[in-house]
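J.: Residue strings, one per chain:
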Amino acid sequence: MSYEPQPDFGTPAVREGAPVTLTIDGRQVTVPEGTSVMRAAAEIGGAIPKLCATDTVAAYGSCRMCLVEIEGQRGTPASCTTPVRPGMVVQTQTPRLEKLRRGVMELYISDHPLDCLTCSANNDCELQDTAAQVGLRDVRYGYAGANHLDAPVDASNPYFDFDPAKCIVCSRCVRACEEVQGTFALTIEGRGFDAKVSAGLASDTFLGSECVSCGACVAACPTATLNEKAVKDIGKPERAVITTCAYCGVGCTFRAELRGQQLVRMVPWKDGKANRGHSCVKGRFAWGYAHHADRITRPMIREQITDPWREVSWDEAISFTAARLAAIKAQHGARALGGITSSRCTNEEAFLVQKLVRGGFGSNNVDTCARVCHSPTGYGLAKTFGTSAGTQDFDSVEDSDVVLIIGANPTDGHPVFASRLKKRLRQGARLIVIDPRRIDMVRSPHVQADYHLPLQPGTNVAILTAMAHVIVTEGLADEVFVRERCDWDEYQDWARFVSDPRHSPETLEPVTRVPAADLRGAARLFATGGNGAIYYGLGVTEHSQGSSTVLAIANLAMATGNIGRRGVGVNPLRGQNNVQGACDMGSFPHELAGYRHISDAATRAQFEAEWGTALDPEPGLRIPNMLDAAVDGTFKALYIQGEDILQSDPNTHHVAAGLAAMDCVIVHDLFLNETANYAHVFLPGSTFLEKTGTFTNAERRVQMVRRVMDPANGYEDWEVTQLLAKAMGLGWSYTHASQIMDEIARLTPSFAGISHARLEAEGGLQWPVNDAAPQGSPIMHVDGFVRGKGKFVVTEYIPTDERTGPRYPLLLTTGRILSQYNVGAQTRRTANSVWHEEDLLEIHPLDAENRGLQSGDWVRLASRAGETTLRALVTDRVAPGVVYTTFHHPDTQANVVTTDNSDWATNCPEYKVTAVQVSASNGPSEWQQGYAAQSRLARRVEAAE
Amino acid sequence: MSSGVEANLIRMANQIAANLAAQGEAAAVAETAAHITRYWDPRMRAAILAADAAGLSPIARAAIASLPR
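Going down the list, the sequences are from chains U and W.
Position 462 (the first sequence) corresponds to 461 in numbering that gives the first Met the number 0; numbering is contiguous.
Position 4 (the second sequence) corresponds to 3 in numbering that gives the first Met the number 0; numbering is contiguous.
The following block holds chain U by itself, in its conformation from the complex:
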């Protein structure tokens, strides 16, 4: 697409309303009741001049530019704040209006720099456009009077500047911060002529303020007042490509705006079905890693991991790899080989990696990074509902009355969804937060949780069973729903179980440390407050009872009748962009695409016929089992696409031992990550900007990823996998990623109706998309559960084996922060590090005082698995006895400390509960020093001859 700004209808669309017909400039238009005259005019192509109006925020009526005349009505009302009425006759262009608008425009321009030719917004400026629209030719007041032209620029934010000299005080930025983002960081300071936009106090800069750099203000600004630094540096974009973000599982759609092959900016696409025109600091701004100097674009190999790397051609790298894999297979058998698909890569790429492992390597030893995040979601929701996925679309939250968040931190992990949720809460929805930490959703501007249950880490099942106890024993269950939709006998078994007095909030209070009265209140609210929706994250899944907690969540939703319509449901907030898709694509060792078990002969026969090879009917190894088997000598080779298991997986010492024991580790990635220290082959990867394919977000929406620029390494990732497959003798002949999706659709019933052509024509579709649901499935289980009757499963609380004691008296829980993403490989290579340069250990003031610690002190964090050092942050955000850190920085490697305890059903690691001790330290640990030295050695690249 060539460069055109996104259409702006002036005021937001009205979702529902009786049709109203009116006449604007002699043309009839019919719009829903409640629509503004401005929007109605825009719908038929009439552009009423405007400055303070934009369709992402509510009408404000301050600029007096959009005045119109209405038959039978006195004066010249603002069209943005005037709702349509049946039979209304509107004139948008009359001599009177022209004169009024020109007069107002003169005032604006009299206090605006006349530097259009050198302004970064030249030819992309609404003020400039509006001046032209109203025919401004002269400013009678001159420019010598009082003005703001010398106001200093605030360049503190790494991504955009604030130039108050160009500000027209339309408040679009302030309103976007409030209405779209929900942070309320901006305000109008002063009155009258002194009014100016301010990031909080007068002394605050944008960087020092509460601004979260979501970019909503920049997108809303009609002038160059808030403008991307990249636009200033590079110039106005000349083309735009719609694509899907590669950060979290919200799946925001962006316009990548470019000059030639140079990306200028990522602008949230207003028609994006997941993000509805909003963005966060990562997707909006943190794309600079794509051309970072650390990027490796030429393949490298080495005989042993102690050798330096040697840059080679693609041919040599691929033939070296294929020969080594063939030799291992010949000597040790097919089950000695395996692969890991990536939740950061496309569906098509994940599908090909598992196809290579199953059809080429000859084993089912394929796993994916969902192993360490949402594998319990797949297990739990398949067991209870029949589908390994969330039940709703993101729009559903607009109809929620009570929202229960458990083990998720949406403002940091899924910020665009958090903004949509906060908007609903500001409209009056109620909120329950179950989290050991006082996350921002508990209390932030205009948001106050009704209940925050700060449970002891590891007691999720006890909390949910206690809530169920209250609901059942107080007669609050929706038995009509349960009788109709669920297995009644199983419900009765479950109801008897949860009714037992040993599950009462009072009995469990010493375990959960949650006051029984609060828990009872929260349970009553959830059961009786209207549409109840549950949103959860890794604080649910990454426990020894992760799967049990997912089962308990499903039980709670069914018991209260909160399944099968808008506003309700069970909503796993997926960590990475394509966790859902990677799981859908058959990335788990026990199942083929579409969650069908490998032992099912009929399913296997379909794949065997399509792929022309026999498949192993036995399940393969999961990632932790691969590492165990490697240490044990039976697993020898691993192809890892887009994943850094040394940094992301638990018990780093064990991961390192497993990798070091293998004969061939192939890392296919953008950077020499930590895992590559143990690799024999490095295959350069491509960024999401350089490839074509699809991602599937947390709401099951399959969306196009479009190639924005050519791959720096020469190949899209699926092409690299195909090169390897061909070298291993497989006759693959894909020439475009769409052909892979066609194969996926042939083999996967829930994807039967999906193709690139259809996604191009209709936008993202939510699976299942098939004959039964040709337009996709925004809400699941509407008329009945996919498995038939909903299944209640009894979930006994079993404390984790990880116990505190005299040596390790504190509980460590880990998580992520807004500005960084996962292991930080991408975001650490952007200016986002200005907000988070290092991992910090949050510790309660009481625990800090007992240890003589202050914020900023180096501390030693030790567990039974290992120890590291990092700086302390003393805060009462965590409860006494609990400490918290992130895992974004390899220098810290929080996973040196986490253990290999895991979920009973899926082996998802128990990242959220580690018994630790914290003490004063004076610098990096012995392990950190040793690892830094080893890492330097492992990254050596032999000089080219």
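Hints in this document: simulated from the structure, not taken from any laboratory.
Note that this is a predicted model, so its numbers are computed, not measured.
One or more of the hints may lead you astray.
What the simulated footprint calls covered on chain U by chain W, stretch by stretch (three residues with Cβ under 8 Å from a Cβ of chain W suffice, anywhere in the stretch; the number is not a length) [claimed, not checked]:
1. 586-596
2. 628-636
Derived, one-sided and incomplete: chain U residues facing chain W with beta-carbon distance under 8 Å [unchecked claim]:
3. F496
4. D499
5. S547
6. L614
7. P618
8. G619
9. N624
10. V781
11. V793
12. E795
13. W903
Where a beta carbon is used, it is the ideal one built from N, C-alpha and C, also for glycine.
Chain U is fixed; fit chain W onto it per the hints.
T.: Frame of chain U, contents of chain W only:
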């Protein structure tokens, strides 16, 4: 099979059995066996069949005993 890997498999089997125990002993034994068959790689199943059963809980032991050899 190293003792560390064997101990880990025994721990995993006990964990599965403990979490399924609330279903009643007979169902828990059957479900534990089915879970291991469904999700464990053949070498893991062979290893636990060959392992010293002393460390297994009663439900896990009965489930392992019911696995095909």
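J.: State for each hint whether it applies.
T.: Against the structure, the hints come out as follows:
Using a Cβ-Cβ cut-off of 8 Å, 3 residues of the stretch 586-596 of chain U lie near chain W, which meets the minimum of three, so the contact claim holds. Judged by the Cβ-Cβ criterion of 8 Å, the stretch 628-636 of chain U is covered by chain W as claimed, because 4 of its residues qualify and three suffice. At its closest, the beta carbon of F496 of chain U sits 7 Å from a beta carbon of chain W; the interface hint therefore holds under the 8 Å criterion. Taking 8 Å as the C-beta cut-off, the interface hint given for D499 of chain U is violated, the closest approach to chain W being about 11 Å.
The interface hint given for S547 of chain U is met, as the beta carbon of that residue sits about 6 Å from the closest beta carbon of chain W, less than 8 Å. Given hint, L614 of chain U at the interface with chain W, is violated; its Cβ is 14 Å from that chain's nearest Cβ, farther than 8 Å. For P618 of chain U, the interface hint holds, since its Cβ comes within 8 Å of a Cβ in chain W; the closest pair sits about 6 Å apart. Because the closest C-beta pair between G619 of chain U and chain W is about 6 Å apart, less than 8 Å, the hint holds.
Look at N624 of chain U: its Cβ gets to within about 6 Å of chain W, closer than 8 Å, so that hint holds up. Because the smallest distance between the Cβ of V781 of chain U and any Cβ of chain W comes to about 29 Å, over 8 Å, the interface hint for this residue is violated. Hint on V793 of chain U holds. Least Cβ distance to chain W is approximately 4 Å, under the 8 Å limit. Interface restraint check: E795 of chain U against chain W, minimum CB-CB distance 4 Å, threshold 8 Å, status holds.
The interface hint given for W903 of chain U holds, since its Cβ lies 4 Å from the closest Cβ of chain W, which is under the 8 Å cut-off.
Checked against the numbered hints above, the structure violates hints 4, 6, 10; every other hint is satisfied.
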